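Chemist: Each chain is listed here by its residues.
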Amino acid sequence: MNTHIVLSAINISADYILDSKRGLYLNAIDNVSIDFRSDEVIGIAGESGSGKSTLVKILYGAAFPPLIIRKGKVYLFTKDNSKIDITSITREELRKNIWWKHISYMPQNAMNVLNPVKKVKDQFIEVFKYHDERIDAKETITKIKELFMRLGLPIEALNAYPHQLSGGMRQRVVIALSLLFNPRIVIADEPTTAVDVVTQLGILNLLKDWQRNSKTTLIMVSHDMSVHAYMDDRIVVMYAGNVVEVGSKNDIFENPMHPYTKLLIASLIKKGEKKLKTGIAGEPPNLLNPPPGCRFHPRCPFAMDICRREAPPIVELSDGKVVRCWLYARK
Amino acid sequence: MTILRELLTNVRFVVWFSILVLLLAYAFIYPQTFSVNPVRWYQVPGALPPSMNFPFGTTLLGQDLFKLTSLALSNTLLISFISGAIGVAIALLLGFIAAFTGRIISGITSTFIDIMCMIPGIPILMLILYAWRDRLTMPLIGLIFGAIGWTFSARIYKGLFEGLKSRLFIALSQYSGLGLVQIMIKDVMPYVMRFLMVNFIDITIWAVGNEVTISVFGAMKMDEATIGTTIYWALQYQALLLGIWWWVVLPVVVLILAIASIYNIAITIDNVVFVKRTKI
Amino acid sequence: MKLHSVKSLLSYIAKRFALMIIMIWVGLTLSFIISRLLPFNAADYLVSQLAAAGSQLSAKDLENMRRQLLSLYGLDKPLFVQYLDFLRNYFVGNMGPSFAYFPTPVRDIIINALPWSIVLLMSASIINWIIGNVIGVLAAISKKRNVVAVLENFALVTVPIPYAVLGLAFLIVYALVLKLPLTMYGRPVAVGVSLGYILSMFERALVPLLGLVIVGWTGSFLYMKNLAVRMMQEDFIVYKILQGAKDRHVTGMVFRNALIPQYTGLILGLTRVFAGSMLVEYLFNYPGIGLILRSAISSGDFNLMVGIVSISVIAVAIATFILDLTYPLLDPRIRYPGAG
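Chains as they are written, first to last, in this note's numbering: chain C, 5 to 335; chain X, 132 to 411; chain H, 2 to 341.
It should be emphasised that the hints constitute simulated quantities derived from the structure, not laboratory data. What you are looking at is a predicted structure, and each value in this text was computed from that prediction instead of being measured. By construction, the Cβ of each residue, glycine as well, lies at the ideal position given by its N, Cα and C atoms. Certain hints may be false.
To list a few chain H residues with every Cβ distance to chain X over 10 Å, as calculated [stated by the list, open to error]: (1) 27; (2) 62; (3) 88; (4) 123; (5) 148; (6) 227; (7) 250; (8) 253; (9) 326.
Derived DSBU-like pairs (lysine-lysine); straight-line CA-CA distance at most 30 Å [said to hold, decoys possible]: (10) C:147 with H:247; (11) H:247 with C:149; (12) C:133 with H:145; (13) C:122 with H:144; (14) H:8 with C:122; (15) C:133 with C:100; (16) H:247 with C:87; (17) H:145 with C:125; (18) H:144 with C:100; (19) C:274 with C:253; (20) H:247 with C:122; (21) H:16 with C:133; (22) H:247 with C:125; (23) C:83 with C:147; (24) C:83 with H:247; (25) C:122 with H:16; (26) H:16 with C:77; (27) C:142 with C:122.
Let the sequences and hints guide you as you build the complete structure.
Modeler: If you want it as structure tokens, here you go:
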């Protein structure tokens, strides 16, 4: 496949500061490295608290206090082959040149991120203003109209206030906003969580079509495995701040390697299945005080002695698969 | 109890509490030692600046300002505390009605509360006090103040009870009758008590302000000593122009101390007892 | 969509108007109750006041006046009729004669003083609100911790102290510390729409206005700062930041959105400013309603007092209504009811 890396996270570790005086930190991300390629839909899967949202915020460059990056780097590779260190450049640089132009972000709870006192079309015009694009209202409207048509939004929505639109429509407006400058990378954080299943399908199809047409990178964060099954080319599975497995969609669903992934897939309902499903015993660990060694070992049916003592290494297998587990490490 | 210990180790609390205790003694105990009512004119040589004999100086009317201020403070505080208590009681009752009764009654009560909030109370108070002042005593005046000052607190209680209403119904579905009572005591009471204290302080301080305003305008019982009436006489007799600054400044300073001490005590209690207990 | 918004707007205005009418009615009723629930007979009272002040009216004139007042008050008629007469009179603006300036109608005295009070009240409210809100937002966003801390401490110290006491403190500082003159103006310029009148109003209003504004902004400031700090965490603000909004855009947005709850604060705070302005008028000899009230009390002019109470309620009710009318301009959710 003729793809190249557009975004690269290397050994990222990050904490949330709860109380610096008392030394209370919540370790949200622990030693995560991922490469994101062009023309792919890559999903980040995991339960609540696994660190998915935190990771993408760091990728975007939005690591605001109380979130601090302890170590690691994030590199953005642009179309003209320059390499930008997202973790080091200033916020002003990010704001002016990177955000929305190279990479855009659809936050969680997208239905409530629109300014309630401004009409929709004004919010689009504002985005142009933020990036110093001298564009007059008429040109903007023309550009937006095209976008709206492609996304299936009625033109009348431009003159409405956010509270007059339904949840699904607001979600599409947010998508439209993200695609305004044709970024190479789009991060969608739980885009389907707050909508009904019918609207979900519409939104997912919208995103999928756009990605196929533009051959860009779509990073889908979701705890819903069915979304990943529908959308992704590759999946990154996270647990308690670690990346535990990376693989193609088929590999993950049909041949999961990490014990967590195995249990996760086993708990999904497949069409026509009549067996009773079991969840995973136990609870995710307290990230204020994570367990020593592998963070999954208290719940892992294959836990060995070494799992309790040492954190497993990141094992890279052939064809891009990555597992972080002692079962696959050569000691 | 640990609450008591926490309070006693809180510097801010201890300082302001001591000041308040001193002021209360000054206002309520010291006047018991008077043989003559310090309000009486021409008791002592007039217009003397503060000295060893007269710590606050004397007024143009021949009154010992130190003794006069203590009596004045006691009356002002008496009126204000009573109005605080009455105001909170009325506000609680109306807020409760507005939240817990059927649609029509609660609607009327709500609108009533909102309208009364908007009606300016000071002119009405002045009118009432002026007309009735010969028949009123200090506590009665406090009652009348309270009857006007409940409005903003009533809104707060209405909001409070409405919020609690939804929580109660949720709890109802989970517990049997006896459990509900326990919920009310453990959950509801501390919350309501916090607002009781805050509103009491609010209305009390509001009443102090009103008392001063009404007295300065001359609508109060002018033969009684309150901080407000003292200032009234001082202004009437052009104390500032004549250079008798202590007549105006010292009672005001004492009043500010009193208000600040009450307020700070309330804030520290609020912080220690309520706010800290809901943090992580 | 257009038709829908006009209907919801109209119903909003109608509701607010009804509220204003009810408020005026309640206020007038209260005035009536108080003026009738006197521990003395108003007519006798006036006569005895005049006689005590050594008036030059003969006994026959006094008796005439007494009868006039009786019929004016309708004290010979049943209470309910008195009530309706009272309301009817007020509706046409007849508030009866002043006791102290008999037979000058109360209405005339009040009309002379009312414009002054309205100017002071409105400018104080608006200036307080603007200063408080602007500084509040700036303080929430600013990185200069020291300046913000100073402002906040000043506000925290002055907010609990009732305005009466602060007003007196201002007077003390003004007269004793700065030694500025208290009465430098003569009688106020007569009412009229002339430049001289308007100029004289603003000139005289400067000091009372300063007295009100110097501590009046603190309430809005504290509230706005806390509101703005919380709003910075709001989803849509964070979203705008991630979209690439500059700091000044964010400030504008926070301000614009925080304005809505703050506007309610403006409306509610009218009564507070009203109380403060009455005192300040008296302390600084500003010819508004406050000063008139003071002289009414000292001369026992009961009719004038009742008139002032009624006017106060009416004025605040109208001011509230006007502010309510402008509210839909701020919050589009009132103009256009939402879909969900």
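Chemist: Does each hint hold? Answer for all of them.
Modeler: Now for the hints, and whether the structure bears them out:
1. The claim that residue 27 of chain H lies off the interface is violated: its Cβ sits roughly 6 Å from the closest Cβ of chain X, which falls inside the 10 Å cut-off.
2. The beta carbon of residue 62 of chain H sits about 26 Å from the closest Cβ of chain X, which is more than 10 Å, so the claim that it is off the interface holds.
3. The beta carbon of residue 88 of chain H sits about 17 Å from the closest Cβ of chain X, which is more than 10 Å, so the claim that it is off the interface holds.
4. Residue-level check passed: residue 123 of chain H sits 15 Å from the nearest beta carbon of chain X, beyond 10 Å.
5. No Cβ of chain X approaches the Cβ of residue 148 of chain H within 10 Å, the least distance being about 23 Å, so the stated non-interface status holds.
6. No Cβ of chain X approaches the Cβ of residue 227 of chain H within 10 Å, the least distance being about 14 Å, so the stated non-interface status holds.
7. Interface exclusion of residue 250 of chain H from chain X stands, the closest Cβ pair being 33 Å apart, more than 10 Å.
8. Residue-level check passed: residue 253 of chain H sits 30 Å from the nearest beta carbon of chain X, beyond 10 Å.
9. Against chain X, the non-interface label of residue 326 of chain H holds: every CB pair exceeds 10 Å, the least being about 15 Å.
10. With a C-alpha separation of about 23 Å, the suggested pairing of residue 147 of chain C with residue 247 of chain H holds against the 30 Å cut-off.
11. Between residue 247 of chain H and residue 149 of chain C, the direct Cα distance comes to roughly 26 Å. Compliance with the 30 Å bound is thereby established for this hinted pair.
12. Of the supplied pair hints, the one linking residue 133 of chain C and residue 145 of chain H holds, its CA atoms being roughly 27 Å apart against a limit of 30 Å.
13. In summary, the hint linking residue 122 of chain C to residue 144 of chain H is supported, as the alpha carbons are separated by about 28 Å, within the 30 Å threshold.
14. This hinted pair checks out: residue 8 of chain H and residue 122 of chain C have alpha carbons roughly 21 Å apart, not beyond 30 Å.
15. Proximity of residue 133 of chain C to residue 100 of chain C is assessed by CA-CA distance (about 11 Å); at most 30 Å being required, the pair is judged to hold.
16. Between residue 247 of chain H and residue 87 of chain C the CA atoms are separated by roughly 25 Å; this keeps the pair inside 30 Å, and the hint holds.
17. For a cut-off of 30 Å, the pair hint linking residue 145 of chain H to residue 125 of chain C is broken: about 35 Å separates their Cα positions.
18. Pair hint residue 144 of chain H plus residue 100 of chain C holds up; C-alpha atoms about 21 Å apart against a cutoff of 30 Å.
19. At roughly 15 Å between alpha-carbon atoms, residue 274 of chain C and residue 253 of chain C fall within 30 Å of each other, so this suggested pair holds.
20. A distance of roughly 17 Å separates the Cα atoms of residue 247 of chain H and residue 122 of chain C; the hinted pair therefore holds under the 30 Å criterion.
21. Restraint check for residue 16 of chain H and residue 133 of chain C: the C-alpha separation of about 40 Å exceeds 30 Å, so the hint is violated.
22. The hinted pair formed by residue 247 of chain H and residue 125 of chain C meets the criterion: a straight-line CA distance of about 19 Å does not exceed 30 Å.
23. Among the hinted pairs, residue 83 of chain C with residue 147 of chain C is consistent with the structure: their alpha-carbon atoms are about 23 Å apart, no more than 30 Å.
24. Between residue 83 of chain C and residue 247 of chain H, the direct Cα distance comes to roughly 25 Å. Compliance with the 30 Å bound is thereby established for this hinted pair.
25. Annotation: proposed proximity of residue 122 of chain C to residue 16 of chain H holds, straight-line Cα distance about 26 Å (limit 30 Å).
26. Only pairs whose Cα atoms come within 30 Å are accepted, and residue 16 of chain H paired with residue 77 of chain C is rejected, the gap being roughly 60 Å.
27. Proximity of residue 142 of chain C to residue 122 of chain C is assessed by CA-CA distance (about 18 Å); at most 30 Å being required, the pair is judged to hold.
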